[in-house]
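Q: Single-letter residue listing:
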Amino acid sequence: FFQYCLSGHPTLPCNVLKFKSTTIMLDCGLDMTSTLNFLPLPLVQSPRLSKLPGWVLKDGSTFLDKELKECSGHVFVDSVPEFCLPETELLDLSTVDVILISNYHCMMALPYITEYTGFTGTVYATEPTVQIGRLLMEELVNSIERVPKAQSASMWKNKEVQRLLPAPLKDAVEVSMWRKCYTMPEVNAALSKIQLVGYSQKIELFGAVQVTPLSSGYALGSSNWIIQSHYEKVSYVSGSSLLTTHPQPMDQASLKNSDVLILTGLTQIPTANPDGMVGEFCSNLAMTVRNGGNVLVPCYPSGVIYDLLECLYQYIDSAGLSNVPFYFISPVANSSLEFSQIFAEWLCHNKQTKVYLPEPPFPHAELIQTNKLKHYPSIHGDFSNDFKQPCVVFTGHPSLRFGDVVHFMELWGKSSLNTVIFTEPDFSYLDALAPYQPLAMKCVYCPIDTRLNFIQVSKLLKEVQPLHVVCPEQYTQPPPTQSHRTDLMIDCQPPAMSYHRAEVLTLPYKRRYEKIEIMPDLADSLVPLEIKPGISLATVSAVLHTKDNKHVLQLPPKPPQPPASKKRKRVSDDVPECKSLKPLLSGSIPVDQFVQTLEKHGFSDVKVEDTAKGHIVLLQEAETLIQLEEDSTHIICDNDEPLRVKLRDLVLKFLQKF
Amino acid sequence: MPEIKVTPLGAGQDVGRSCILVSIAGKNVMLDCGMHMGYNDDRRFPDFSYITQNGRLTDFLDCVIISHFHLDHCGALPYFSEMVGYDGPIYMTHPTKAICPILLEDYRKITVDKKGETNFFTSQMIKDCMKKVVAVHLHQTVQVDEELEIKAYYAGHVLGAAMFQIKVGCESVVYTGDYNMTPDRHLGAAWIDKCRPDLLITESTYATTIRDSKRCRERDFLKKVHETVERGGKVLIPVFALGRAQELCILLETFWERMNLKAPIYFSTGLTEKANHYYKLFITWTNQKIRKTFVQRNMFEFKHIKAFDRAFADNPGPMVVFATPGMLHAGQSLQIFRKWAGNEKNMVIMPGYCVQGTVGHKILSGQRKLEMEGRQILEVKMQVEYMSFSAHADAKGIMQLIRQAEPSNVLLVHGEAKKMEFLKQKIEQEFHVSCFMPANGETTTILTNPCIPVDISLGLLKRETAIGPVPDAKKPKLMHGSLLMKDNSFRLVSPEQALKELGLAEHQLRFTCRVHIQDPRKEHETVLRVYNHLKGILKDYSVQHLPDGSITVESILIQATAHSEDQGTKVLLVSWTYQDEELGSYLTSLLKKGLPQST
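Protein chains in written order, with this note's numbering: chain Y, 1 to 658; chain D, 659 to 1257.
Hints listed in this document are in silico derivations from the structure and should not be mistaken for laboratory results.
One or more of the hints may lead you astray.
Computed far set for chain D versus chain Y, every beta-carbon distance over 12 Å [unchecked claim]:
(1) C721
(2) E807
(3) R869
(4) F1094
Subject to a maximum C-alpha distance of 16 Å in a straight line, what follows is the list of computed EDC-like cross-link-like pairs (lysine to aspartate or glutamate) [claimed, not checked]:
(5) D:K773 x D:D699
(6) Y:K459 x Y:D251
(7) D:K938 x Y:D251
(8) Y:K582 x D:E1212
Small disclaimer: the values here were computed from a predicted structure and weren't measured.
By construction, the Cβ of each residue, glycine as well, lies at the ideal position given by its N, Cα and C atoms.
Generate the whole structure from the sequences, applying the supplied hints.
A: This is the structure:
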């Protein structure tokens, strides 16, 4: 049992598990923090960005000034943004049998895996995961493709050159592996390989392994996975939440009795309380708007935005914001809002109950109906006619490197009346803002990460009691910026096994049993004997059939009757075919009863002598000697086969077979 | 031998009041809990006293499963749980859980408020009953208790309709509820995997029908509606609020749009708006096409179909009205029918099955003079058309499902005895499985022969598989092990391990045989001859000549000594343990024949 760790990002994991005879990939997260090293892609020509000076080396050489630009002391690559893929060299990815997806954020590398590695297997994910994952990919592809960039920088990636660059470019890992965004046809091809599954659905893989998704409470359709055979159980916990937001609550009970629990996707902001952050979000938003400023919320098109809209729905009237327009701009804004309303079965209990009425589960339906919330595919078209300020705009991408958000940063950045509120925890907001500096607009950081914090993790581990915990190395030490906070790490016994990118772990458990089925007719033929009180035993001689990793024991076929009239065969034909095993024997032979039995069977001249360890039984006429000891019997006789067989069978009567 | 027992309390050789008891491996499950549309007395509900005379139902039943929201499958549920008394779990899918209480409330209103019956379940009882419902996802394995698990499959009959697999250990039953094997305009087709249940309980409404293509039926339907409207007639389509209604609405909506027709289409009852809402919110349960396009255009937002007001029935000019209920046995559809029946320009289209005793059934069987309440005679002059739009599998579909699931036995319910008989023969002929069709109250017993799962030690299994694949099918390799049985655990381990675990010592049984052979040569030469002889014959065995002068064949030891009296005779001592019995016995008989002359 091995685990190949292909991603070093703890919340965007990609691990491959070799479990029994199957190769299972757990998630394929795409690390997009790499895009922070690139210049933003403006939708409208930006004089500011295009006038940035090229970067000059300390020695004055300018050969990189086309590729690298400098902005407020930071250096950016002027090129189509690129992503950091999971490791593809650690093992042959064409041997991956299945990919299990835990939530829509953890599938963004899927097209790179399914379309470029010779992958021929199946991907399993829930319906909301697939639908919303598709929306996220669509938005990503759309926002990059609609701003074609002529330049594709590659010189800076040269190892010799990269060494000379300032941080963080200098320290960026595996830049040679960074890839441009995939295309829609690749997305469609990748998604077509997905098979939809429901929570608690047991999926058999090759008869050897069973995988089951469980609700993880983090997002619509988000799941943890149980990977088990009859005797081993691995729980894969990825992106789980115990907070009551919109998704179905986390299923913790089913994680019990795991041999190994792989723990990824904990909160990225362990010190922030999501509820407090939502409160801050609302008050900052209200303050800005009251002062006549605009609010920009860089966000993903699904997920926390549903909760934010719900909070605002309850908040706006009391805060006197009823007349402020809310805009949601994304090529998939409409789809996301519509899809959120049809996944009743994947929602928390309260929302499910609403559907039974029947009412839409999310109140954003009402916000849309009352025209308080408007959604647009992009800033072009209808939006430019309807656009009224001050307003609140929700739009992507949270990295601030592409998407409509770039436009609003350029438009509103110069005024201190406006505020940008960061709610998504995936990107450092300071890094995200770097290419927009100097900036006059206010920046508020309210990261909302509902995933498990360390207190919840330790409670969870106490509750489900896994034998071993495996987690990314980041979780086994305090965060680098808060090294004194030893409470911000996983604490469990035995200590968690940690992994880092490109590492292969051997998982610590040993199989001892396997399931086998005994056919009914064979079962009928078994003769159980009670050996000890409550314990019975039956010897089984049967034929083993193995098919599709399932083992079945069948009654052995009756031996064919030896043809009676056949001529004598050559000696060598009679050589016993195979070393057919006789059962082991156990027990001891009481000498008196044995002698009685011998006499009953016609031996009249039985003599018994005592020895140090037992007895010797003599059959004088037959010149036969039987040594009886506690744990052994030795029959010494002439070559008289019928006699020997007779004695053998008499001895066997006293012994138990195993 | 283990057995599965099935007793229909309703739907045995009948349509209506579906309620089937199943006992499997000590678990009792009730499938559906329906009412009968054809009766107004005690017979409308299943006779639950059959289950237990004086004990509590909760003690006897492990769970109740409802396949879909039609009243003939869930109409008796509040009576059963609240009036007879059942507190155990009731399983149904989410859409069924959402819609079922609305239909129950509707049913209650008609019975109590309109017909004035007392001693019927109340609104509160419906609510209390629904609190006992556990909603299930498709394909989710629901663990009812440690042993009993159930799993829902898509049935395509109405929104949320499901087939259920009930499984205990390796024994299983599949109950189809009502299902449809061909996708229609709003639902997908039923699907099940090759789950090989011991028993498949299937509906058989259309046991003898093989329907023509759906397209023809649709064209026919549209043509009839169109012609009637063209000549200024009114069309009444009695439907149930949810199900066929939506399909036919989609059909007419697209037709009206395409043909640019102006005649109004109405949908009666306040349920409509609500019903369509359910379809919108549970769109994941509809067919592929609707799900794919719902963001752009929600098929359940109708432009041409408007809410009906009872005053509209007297409006002049053509119109199409969908009215509930579907069998013309009560309510608005019956009222409109009475108004329009006298005019031959009008038409009533019955799009589904009608239970015996209903007005729908009467006019479909050709009756044109109906006795209404108060001995009034209603003469039916309007045209009466029947179009099978019921989403039930036809004979072909039923056979197809059997092929998919590969059951060992089939049991027919929800159909008419005569038609069942025909289908039963067909099933037995084609699949060579037993097929049953019990009447209500009649118990069918099916013997099962389950495998016994045991744990085998990996060491033993590896030892067996390591020796290589079975080379010859005729001489399969035997595997030896000891099956340890303790409490309820069964473990198959190697004999050595069994001894060790039980703390027992092995008893060694050894044989030593004296074989006399004539050979005047020196002992070591005799030994060499024996060695060469054995080596020549036992090619597949390890035969060794040891430095101390003895020979081993595998673990069998052969030593030679001179005879004490006769120098020309040598005594070979052949010694083996019981485990080498066959080889040892063979060797002695081989050596007894003497050595070959020439060496």
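Q: Now tell me if each hint is right for this structure.
A: Right, here's what the structure says about each hint:
| no. | hint | in the structure |
| --- | --- | --- |
| 1 | C721 | 16 Å, holds |
| 2 | E807 | 9 Å, violated |
| 3 | R869 | 30 Å, holds |
| 4 | F1094 | 22 Å, holds |
| 5 | D:K773 x D:D699 | 13 Å, holds |
| 6 | Y:K459 x Y:D251 | 14 Å, holds |
| 7 | D:K938 x Y:D251 | 28 Å, violated |
| 8 | Y:K582 x D:E1212 | 15 Å, holds |
Hints 2 and 7, counting from the list given before, are not met by this structure.
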